[in-house]
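**Student:** Chains A and B, in that order, are what the protein sequence lines are. Note that our numbering has the first sequence beginning at 1, numbered continuously upward. Note that our numbering has the second sequence beginning at 1001, numbered continuously upward.
Simulated from the structure, these hints should not be mistaken for lab results. Warning: the hint list may mix true and false statements.
List of simulated lysine-lysine pairs, DSS-like, C-alpha gap at most 30 Å [as the list claims (entries may be wrong)]:
no.: 1; chain 1: A; residue 1: Lys55; chain 2: A; residue 2: Lys340
no.: 2; chain 1: B; residue 1: Lys1179; chain 2: A; residue 2: Lys312
no.: 3; chain 1: B; residue 1: Lys1179; chain 2: A; residue 2: Lys171
no.: 4; chain 1: A; residue 1: Lys171; chain 2: A; residue 2: Lys312
no.: 5; chain 1: A; residue 1: Lys55; chain 2: A; residue 2: Lys33
no.: 6; chain 1: B; residue 1: Lys1179; chain 2: B; residue 2: Lys1266
Have a look at the derived ranges for each label pair, beta carbon to beta carbon [claimed, not checked]:
no.: 7; chain 1: B; residue 1: Ser1248; chain 2: A; residue 2: Thr44; range: 49 to 59 Å
no.: 8; chain 1: B; residue 1: Asp1240; chain 2: A; residue 2: Ala369; range: 35 to 45 Å
no.: 9; chain 1: B; residue 1: Ser1099; chain 2: A; residue 2: Glu443; range: 34 to 44 Å
no.: 10; chain 1: A; residue 1: Arg320; chain 2: B; residue 2: Asp1192; range: 54 to 64 Å
no.: 11; chain 1: B; residue 1: Asp1023; chain 2: A; residue 2: Glu459; range: 21 to 31 Å
no.: 12; chain 1: A; residue 1: Val234; chain 2: B; residue 2: Glu1050; range: 50 to 60 Å
no.: 13; chain 1: B; residue 1: Asn1008; chain 2: A; residue 2: Ile279; range: 55 to 65 Å
no.: 14; chain 1: B; residue 1: Val1326; chain 2: A; residue 2: Glu232; range: 40 to 50 Å
no.: 15; chain 1: A; residue 1: His411; chain 2: B; residue 2: Asn1008; range: 33 to 43 Å
no.: 16; chain 1: B; residue 1: Ser1248; chain 2: A; residue 2: Gly346; range: 49 to 59 Å
Where is the CB? At the ideal position from N, CA and C, for every residue including glycine.
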Amino acid sequence: MTTATTGNTLPNTADSRIDQALANRLAAIVGEKRVLYRPSELLTYTSDGLPSYFKQPGIAVFPGTRDEVIAVVRELAPREIPFVARGAGTGLSGGALADGVVLIGLNRLNHILSVDPDNGTAVVEPGVVNARLSRAVAHHGLYYAPDPSSQTACTIGGNVAENAGGPHCLKYGVTTNHILALTVLLASGEVVKLGNAVGERDGYDLVGAFVGSEGCFGIALDVTVRLSRNPEAVRTVLADFMSMDSAARAVSAIVATGIVPAALEMIDQPTIRAVESSIYAAGYPTDAAAALLIELDGAAAGLERDVSTVEKLCADNGARTVRIARDDVERARLWQGRKKAFGAMGRISSHLVIQDAVVPRTRLPEVLAQIHEIGERNRVQICNVFHAGDGNLHPNIPYDASDADESARVHAAMREIMSACVDAGGTITGEHGVGLDKLPYMEKIFSNDSLATMCALREVFDPHHRSNPGKVVPVHSCREWHGAPNARGTLA
Amino acid sequence: MTGTAARNATTESVAAICDRVRDAAARRLQLRVVGSGTWLDAGRPAVQAESISTRDTSGILSYVPGDLTMTAGAGTTLAEVRDATAEHGQWLALDPYGSDDGTLGATLATASCGPLATAFGTPRDLALGFEFVTGKGVIARGGGRVVKNVAGFDLTRLFIGSWGTLGVITEVTLRLHAKPPCDETFAIALHDKADVARAREVLRAAPFIPYACEIVNGPLARQLVGRDELTALFRLGGNDESLLAQRSTLATLGDVSAADSSIWTKLRQCEPAGALVFRLSNLPSEVGRTWNEANAIADSCTGTLIHCAPSRGVVRCIVPATDTNVAWLNRAFRSPMVSTRIGERLPPELWPAISPPPTADALSAGIKRTFDPQRILNVGIRGESA
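Chain A extracted, bound-state conformation:
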């Protein structure tokens, strides 16, 4: 950053509060090199893992310590300047973006503050990368269970904001099931402790409310997480099917047994072909209509019995082949194909829309058939790769955003898919968050009163909507809280 005259407006915002003088004051807190405001410097921070949304922050600031984060937010508070906290920027909902805000990058707060191997907990800063935490505690026989596909890059702070999931959340739960306590910086600059890291929580579950609040309730300065013990044994099974329907029926059959796989993933043929023609090739059969990647883990005793049950259920439901990974190398290869599938789709087209809807598990065969029909009718290629065990769909459509006709068909298909999932009794996002991407769909699943109630909760934490403005609840819903309650409607 170069020093300029106080009072100059910056190139990226018309907000007179976000000016050169502010940049100078922030630089005084974090150092000149940690404050960016030129358009070319800010380009990275105009979008996240979804390439379809662009928002222009006025300034990006990168504090290196907890005290610097507090000082930055306290600098913004008196002038009521809005801000957005950002971790690795791998989110898939347009969640860590906003126009004309101060973007606070937290990736430098990447210290694991303490590990308590005896109680299986760790206290970490928000910028700690998910997979790094697991590596750091591996020598204790522990790991951090929530495993979003971006885990080699995404941060715990971002995971907390989005209540991130991942394939292994089927058995082990999503982020909220693994957070014990938080230190949170509110938009006012006040620091509060939520939860109880050393015993039962009494009182309102403020930790539960904060996790998944998508940055709207404040910034987590430290996070006390629960660690899990490495399973004694793991078996990874790949079963391939000649129809999506038979694969979906195998999923239902497995879930009904009471065996809870650590993960139960489905990958369809377009995805298999994208993966197999990429550097992430995992050895999936490219002529199969769908493959299930099933992982069973836990105590060694009795595990083989469960594996046999799963093998039989796959065969009974029409699996062509069922293969069990021989060793850790093969297991890692099978998982790499699954976890890098989004990346592999980059081979098909320059852009990708990603959905995250959830449907009741018994509705999977029918909803998958509907998705196929929607794709055919709109002449778009849908690649399904998803968490079948909990009904969390990820229909992805690769496309060329410079082709207006194709873009229109893609977005029409996406809207139809979302409606099909909601009509089946599902929800609009299982793990990616609402962000900007799902905002228009919130009114499909929640009544105005429900949305206004959520907005009112946000206002307890952030009365002026300065922390990640414009996310989760449509703005007009927030105006209704103080009005008269609506009559009971058919919506949630």
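Mind docking chain B on chain A? Use the hints.
**Tutor:** Okay, now just chain B, sitting in the frame of chain A:
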């Protein structure tokens, strides 16, 4: 009543609750939310108020066994859920202290759980979504009806454990589990109090999590298994091969003896009428110390029943309600203790001593003001001034 009939009846009942709350809010008339009425003496003393019942919101509204979820009115009892799910080899893995006559609404409002929390977690891990009427008389929902959902702020977790102070829960959606092929209960007699910490060590090192593990003191063991000695009770689930290995690991703690699964019901219902009930909790690694703190209290209160879930670090004490015991606890609670203390059922004079009100912080007070601006719902039960 289930399905459409239940839904129609529940809709009417919710509308009635809504009207009642709006009317009360307009008149600033305080209300006490009541389910089955089995736990009215739990929690801090609520101010005298008219009751508003959720019992008319009872009935299973939606249950597709293949989805392993159920939506039911808040007034539905645990017994109704137990019977409906058992027909399909499933269960709600939640066994709060008390009887199955308690309602879902009350169980969730109080975040009550029991021995199964060792493996299946608390109501916060089992509730997927719900409907409620706020103190403004607004009907709203949080969460959804599917097993994974991050749409919107998590009102579900916020409401669980709010003791009816933020709204009247009218409907809940729950995660169910399939019953395992084998479900076995047994007891191990322990030698001395050092075995409490040792049991926790064995569990920590084990490659499995038992469905339940409760260590009970002698007086409680006498009621449950007929012998007056420190005893560990285990409940294991899985296939038979898995259970064999689990039992063999746990046998390192002592001699295994068969026990009837009915001991879990007896444990849930062991409280004598009017007993003083509270919990101590700390890190699981400190469970031996927490157990000792509980026993230091029990040593002066004859007939105290104590049990603990070692891997959760939670010790629960049930003290006979005598004037002497109340006086002793009043002194004990005012002396320093390492553990977090949470009251369940205590006379009014013990609440200020056991712990400060849990919702006294500014955020909690703001949440209360937002959801119940006229302060009409269950006032006092969380320790806030009337």
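**Student:** To test your reading of the hints: which numbers does this structure violate?
**Tutor:** none
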